[in-house]
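Participant: Residue numbers (the numbering used here), protein chains in the order written: chain E, 1085 to 1337; chain A, 22 to 315; chain R, 548 to 898; chain F, 164 to 400; chain D, 3 to 292.
Think of the hints as simulated: they come from the structure by calculation, not from any bench. Keep in mind the model is a prediction, meaning the values are calculated, not measured. Think of the CB as a built atom: it goes at the ideal place given N, C-alpha and C, for glycine as much as any other residue. Do not rely on the hints blindly, as some may be mistaken.
[Claimed, not checked] Dumping the calculated DSS-like pairs for lysine-lysine here, alpha-carbon to alpha-carbon at most 30 Å:
id, chain 1, residue 1, chain 2, residue 2
1, R, Lys813, R, Lys584
2, R, Lys639, R, Lys616
3, A, Lys128, R, Lys610
4, R, Lys584, R, Lys785
5, R, Lys584, A, Lys128
6, A, Lys128, R, Lys671
7, F, Lys265, D, Lys34
8, F, Lys265, E, Lys1229
[Stated by the list, open to error] From the derived model, a few chain E residues whose C-beta atoms are all more than 10 Å from chain A:
id, residue
9, Asn1110
10, Thr1140
11, Ser1147
12, Gln1164
13, Leu1179
14, Glu1194
15, Ala1206
16, His1283
17, Ala1329
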Amino acid sequence: MNADDALVLLRISNLNKNFGGLQVTNNVSLDMRAGVITTLVGPNGAGKTTLFNLITGHLTPSSGDILWQGESIVGKSHWQIARCGIARSFQDLRLFNHMTVEENILTVMEPASWIWQPGGRAGRRAREERAMDILARTHLLDKAKTRAIDLAYAERKFLSLARIMATDAKMWLLDEPASGLDRGSYELFLDLLRTEVRHGVTVCIIEHNLDIVIGISDRIAFLDQGRLLADGDPNTVLNDPHLAAIYFGEQAA
Amino acid sequence: MLAYLLNLATLICINAVLAITLNFIMGYAGIFSMAHAVFFGVGAYTAAYFALNVSASLFLAIPVAMVVAAALSLVLALPALRVRGEYFVAASLGLQVLGVTIFAEWKSFTGGLGGVIGIPPADLFGHAVSDPVAFLMLAAGCLVLVILITNALLRSSFGRNLKAIRDSESAAHAFGKNVAVIKTLSVVISSALAAVAGALYAFYLGFINVESFMLDTSVLLMAMVIIGGTGTLMGPVVGTVLLMLLPSLFSYMWFLPQTEIGAIQQIAYGTAMVLLMIFRPGGLVGSGKNGVVK
Amino acid sequence: ADVTIGALFPLSGPNATYGDIFGSGANLAAEHINADKLIDGTLKIQYEDSQALPQQGVIGMNKLVNVSKVPYVLSAFTGVSKAISTTASRSKTVAINGGGVGPDLADLGPYFWNIIPLANFEVKAVLPYLIKERNLKRFVLVYVDDPLGEGIRKELTESLPQAGGELIEALSVPATAQQFSGIAARVRAANPDVIYIASYGSQQAQIVKQFRDNGIKQQFVSYTAFSIPEMSALPEAKGSLYTTQNVDWNSTDPVTKRFVDDFKKKHDKMPTAYIANYYNAVRLFGLLAHELQKKGKPITGENLLAQRIETKTFDLVGGKVTFADNGTVVSPMQVNEIDGAGGKVVSVVAE
Amino acid sequence: MTTTVLRTEGLVVGYGGRPVLDHFSFDLRANEVLCLIGHNGAGKSTLLKCLFGLVPRQGGQVYLDEKPLNHIEPRRLTAAGLSLVPEGRGVFPGLTVAETMKMGLWAAGVPKDLREERLDWVMSVLPALHAFYQQRAGTLSGGQQQIASIGRALLSRPRCLLMDEPSIGLAPKLFQDLLQPIRQLQRDTGMSILLVEQNVKEALKISDRVVVMKSGAIIREALPEELADNAKLMELY
Amino acid sequence: MLLLQLLINGVQVGALYALIAVGFSLIFGSTKVFHFAHGSTFTIAAYAFYYLYSVAQVHWLLAVLAATLAAVLFGVLLDRLVYAPIQRHEGSFFTVFVASLGVGIIVQNLVGMIFGRGFVSVSTPLSRSIELFPGLYVSPLSGIAILCAVVFFGALQLFLMRTHVGMGLRALSENPELIRVYGLSPRRLSTIVFALGSLLAVPAAILSAASSGLNPAVAHHVMLISLAATIVGGVGSLRGAACAGLLLGMSENLALMYLGPQWSEAVTFIVLFLFIVLRPSGFFGRAIST
Ligand SMILES: Nc1ncnc2c1ncn2[C@@H]1O[C@H](COP(=O)(O)OP(=O)(O)OP(=O)(O)O)[C@@H](O)[C@H]1O
Ligand SMILES: Nc1ncnc2c1ncn2[C@@H]1O[C@H](COP(=O)(O)OP(=O)(O)OP(=O)(O)O)[C@@H](O)[C@H]1O
Ligand SMILES: CC(C)C[C@H](N)C(=O)O
Ligand SMILES: [Mg+2]
Ligand SMILES: [Mg+2]
């Protein structure tokens, strides 16, 4: 991939986080480059979700820095960070359960927290159109008026992705977005993701399913006990015997 | 008889405004306030004070009442930003009790238990609205206005923001919603509109005292909303009409002993609340299943 | 046709006793009026429950005025009376109070009348007795946090220094409070000579009981509100002093005699000042309505007021009563002591 | 003839609206690992929940040891030696893992003198538990919670274990490491296991029999070897 | 001396509050039922005792037993007949709350109709204070109240520690559905909790009847106090609720040093409000904000 610094969207440098005595993130430095799908892998409790939480401001780092397009975002509240262009999904989805699918999408497209949205009537129409388009692409169009809570499992997963697509975020952080999906569904899911990346978003994804990891990664970062053990080309990382011993097990590619 | 019906209709309008504004924060923002009567009271006292000392003009008294209530509602927004669910209920209960104590003790402004007496009739374009029919029109007009305003807000992006927060605060955050602003705004709007009801009430009765703004009122309002259907548009109105009519029915049952009517009304209330919650937990207008909330 | 007047009494709640007492006087008067055919048609009293609370009072008053359209309403309790006074004057309905004693009841407009002397009389009657004759100078006031209590506090604060006493502390209690051990501690700490209790109903009984339970041994004093059976029956209240109007129950004046005799016959006990007041309130209506009917005028609040000003002096229980222009009456007072038996009069104070 | 541990006949289950399982019949035999696979929404979890009494059935019959169950009550089934690893997070966020285990032992009615030993055994099957044994479950990572949940279900040494997608959130190695001891245990004790999995490749390795579901019905029953090559599987999905 | 006297009064009142609050906290903490009718349990126990002891003149021990029975029965039946059906169709927290409020209103008015809306009190020689030191009065009831609080709270703690029920209750509060997966019955646990919680209201009810009297509306105050103490102490922490009850009783009485009694409820709630805004997790609770 490109080593050019100008393309680094998000730079994590020497990041640390402890809970009480437990060091969950240990001196992690990682660059995320534009247009690249980085996969975060590692054993359970390695600190992957924690890393997401640190980036999005749900947790504050004990030390270290996070730069977004060259500017530090440490200490900003999570809604501010979201507005910088970093969107995330949650391991437990956290959809807006009692709103319809369409409302779920519309609401994340509306930037202002005050009573009026910029753009007036035309802006609203544009947003509605885009929402329909996104729903069509995620195969949720016929469920537009269904409440999120009434969706089937796979549909909920797709809605979670659609909701992120609806933001203008440049960078997506996806926490096990495809877990529990059957094969047909996750293929669809990955296709969608690839298309988006081609159109310019940058993705960081946490995943345990090796088929998916292999299917989508441009680059793999391997975390263990809060430490970044490896970071690079999928083949190299997947074939590392040491990592296989602690994580991939016998089926490493 | 006519006078009686007019009176009932006017009170229904006033209470419906309160129920609608409560539903606005309860059903859509997930802020379950047990202190709504306080803002009702603030509106009423402010309007009364203003009418007695400055002018009884509706176009002045109501805005002033709204502004004062809106400003004070920031106190309620404070815990709303910190905690959710039952904790907020407790905090708002605290505010309710505090409000009642202040209403009862700040005698120079509220007259304490004795109340404010001699409030002049409301003044609309130079005419005193004292005729019951005219006042009913006025109250109904305000009700319609409040319904229109809240509806417009709820259909707008603001309404979606509220619901998003109700469903998952952390996700709302993660999608760039300034939860603090949204919550505060909803509380402010709801309280300001509740103050309209307060002002109407003060002008209507010509007398107000702390008894109208106690916990019972907040509880009753909450019951109106939940029985009608939380988070529905017409639910609060239906709930209000039901809970206001129920007691009047009993006053027509001549065989009930005069001194026990009050108690029997209350028991009927209570029973209605229990049975409805068992058999129609989503409220009369709700979906049958429980409408909202974790 | 029937003539209906209204009555706003506490029929339920902690002050329901007063409603019973007031009603017994009013009903007796109505019986007498109807028996005498003093007015054309039968006189009826429509009762509404005020629970002694202003808000409830206003609701009841609106019903009486707007739905039943009565010209004349019997009111009680300072808070309720003040609250309904606006409605009374707006709708030109006479409200007449025979129980509330808050001094500001005197200034509630022409349609609000008082047929009971107000607290200034009660206080003025008892202070000289306590200070001069009993040498009790240092007062603590325990008063209910409502217009009545407020009124008595004002009255005491003004008159005590003039009378040579001293108000060392005024402690208010919420109208619904029933727990007084903390206040008792404050009272003990103040160590007064005498404790003035300005409350009513079951609350005043609790204050007395709990104060004694908590080691307060000083003299208790109060006003007419103590004249209810609960208080005379309360062992802890023994020795307490309270003021009332001075009515000569043995008077030979026919109105008084008939009232006392019939009351005793009916209830098997002596009437009290409250009972006489509401008897008088209804009787006053009868006299005024009689005059109006004689003139062929309709019985409206406006006409009743005009007639009262015209007639000025009335034959009522206790003798001739004259209304001042602001609609109040004056009366001689007496100081009573609860002695565990029927009670006794310890001092009479003429006007 | 092999005996069945659990058997359903014409089972109907739904959540209002069209039933999810409509006249569903299947059996779980003694001493076997049965792998249940199928699309999202096929009704696998629903079946498990119904078998364990968490969702009421609308019709049909369930047999335990060939005896019909009238009231399917989780408490009774637990006492009868069943155990369920539920879909999603099967732990209480406020309890520490240690407490969760203690409660699990109590709830499963494990006699006092056996509890210590049982715990040691579970810890040996799931050594990862040691690392966060004293932590509150709410602060655990997704996978750690899943491990705790599986551990809890094993405490009673059930004779019939129902597992709903245990692999979700687990690192691949961990899942592999987990399956072998469970298989071992199953062989040792003659336990029956009903395993619902999307991670078919791993699951098939320890299964004796596979049932493929689609839209609430069984569309295929097979031996693992028959489905072992990917092409066959792709056909079904 | 005044300070000391108020302090002693505060401890007595606080002990009663602690008992009431622990009962509510136990129920609320483990079933998440906002049991507003806990106040009604109190009313029922108190009036049952009043009626039997003062009116029907039965032996006090019998009256106490009957009051206990009434309270526990009321709590358990309420759970079975009202809360359980609502929870069955996943009624939200507030659905249960409204039903509970309804029950509270019914009980208050029924009691009012049966026993009168006025004020009643149980007179016993125990409420007459003894002068411990010159100027310091303590009634025997205070001693009994404090003793009751200590005994009951200790017994409860022991019960919850020694048996697994305690853990089950915590689990119940978080996820009753999962409890079933574990093979326990949430309904049984819930019944135990309601029985225990209602039981805890009994001593306070009887002692209040004797020391400060009753009216049908006492439930309101009881409820407010329980709620405040539960939150101040931290939801789920019985120790917290007990300490908070004590604290509220004391602050209410100490406030009398400077303020009139009409402020006592306000003082309680200012404490509550500050806790919520500044330390929402209470004394011992865990952080719960957002
Ligand atoms: N609030 C907390 N207090 C204490 N420890 C915590 C807390 N939150 C997380 N941890 C610990 O931090 C570690 C990292 O957790 P994290 O959720 O980041 O793991 P993960 O890599 O996402 O794992 P998984 O793949 O299982 O989801 C875990 O060991 C977890 O127990
Ligand atoms: N609580 C519920 N209320 C309504 N419908 C439900 C509920 N739970 C599941 N369903 C519906 O029942 C169907 C079957 O769901 P189930 O969870 O059993 O599928 P599954 O086979 O386990 O799928 P997955 O692989 O996604 O876990 C789905 O269509 C789902 O939408
Ligand atoms: C009837 C009385 C007890 C009324 C009381 N004196 C008052 O003024 O309110
Ligand atoms: Mg994770
Ligand atoms: Mg499933």
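Participant: It remains to establish, for every hint, whether it holds in the given structure.
Facilitator: Structure-based check of each hint:
Proposed proximity of Lys813(R) and Lys584(R) is supported: the alpha carbons are some 21 Å apart, at most 30 Å. Proximity of Lys639(R) to Lys616(R) is assessed by CA-CA distance (about 11 Å); at most 30 Å being required, the pair is judged to hold. For the suggested pair Lys128(A) and Lys610(R), the alpha carbons sit about 28 Å apart, so the restraint of at most 30 Å is met. The straight-line distance between the Cα atoms of Lys584(R) and Lys785(R) is roughly 44 Å, outside the 30 Å bound, and the hint therefore fails.
About 48 Å separates the Cα atoms of Lys584(R) and Lys128(A), which puts this hinted pair outside 30 Å; it is violated. For the hint linking Lys128(A) to Lys671(R), the alpha-carbon distance of about 26 Å falls within 30 Å, and the restraint holds. Straight-line distance between C-alpha atoms of Lys265(F) and Lys34(D) comes to about 23 Å, which keeps the hinted pair within the 30 Å bound. A distance of roughly 45 Å separates the Cα atoms of Lys265(F) and Lys1229(E); the hinted pair therefore is violated under the 30 Å criterion.
The claim that Asn1110(E) is not at the interface with chain A holds, since no C-beta of that chain comes within 10 Å of its own (minimum 25 Å). Against the 10 Å criterion, Thr1140(E) falls within the reach of chain A, whose nearest CB is about 6 Å from its own CB. The Cβ of Ser1147(E) sits about 24 Å from the closest Cβ of chain A, beyond the 10 Å cut-off, so the non-interface label holds. Taking the minimum C-beta to C-beta distance to chain A, about 8 Å, the non-interface status of Gln1164(E) is violated against the 10 Å cut.
Not every Cβ of chain A is farther than 10 Å from the Cβ of Leu1179(E); the closest lies at roughly 7 Å, contradicting the non-interface assignment. The claim that Glu1194(E) is not at the interface with chain A is violated, since a C-beta of that chain comes within 10 Å of its own (minimum 4 Å). Distance to chain A confirms Ala1206(E) as a non-interface residue, since its nearest Cβ pair spans about 15 Å, more than 10 Å. A cut-off of 10 Å between C-beta atoms confirms that His1283(E) is not in contact with chain A; the least separation is 20 Å.
Listed as a non-interface residue, Ala1329(E) keeps its Cβ farther than 10 Å from every Cβ of chain A; the least gap is roughly 35 Å.
Taken one by one, the earlier hints fail for this structure at numbers 4, 5, 8, 10, 12, 13, 14, listed in ascending order.
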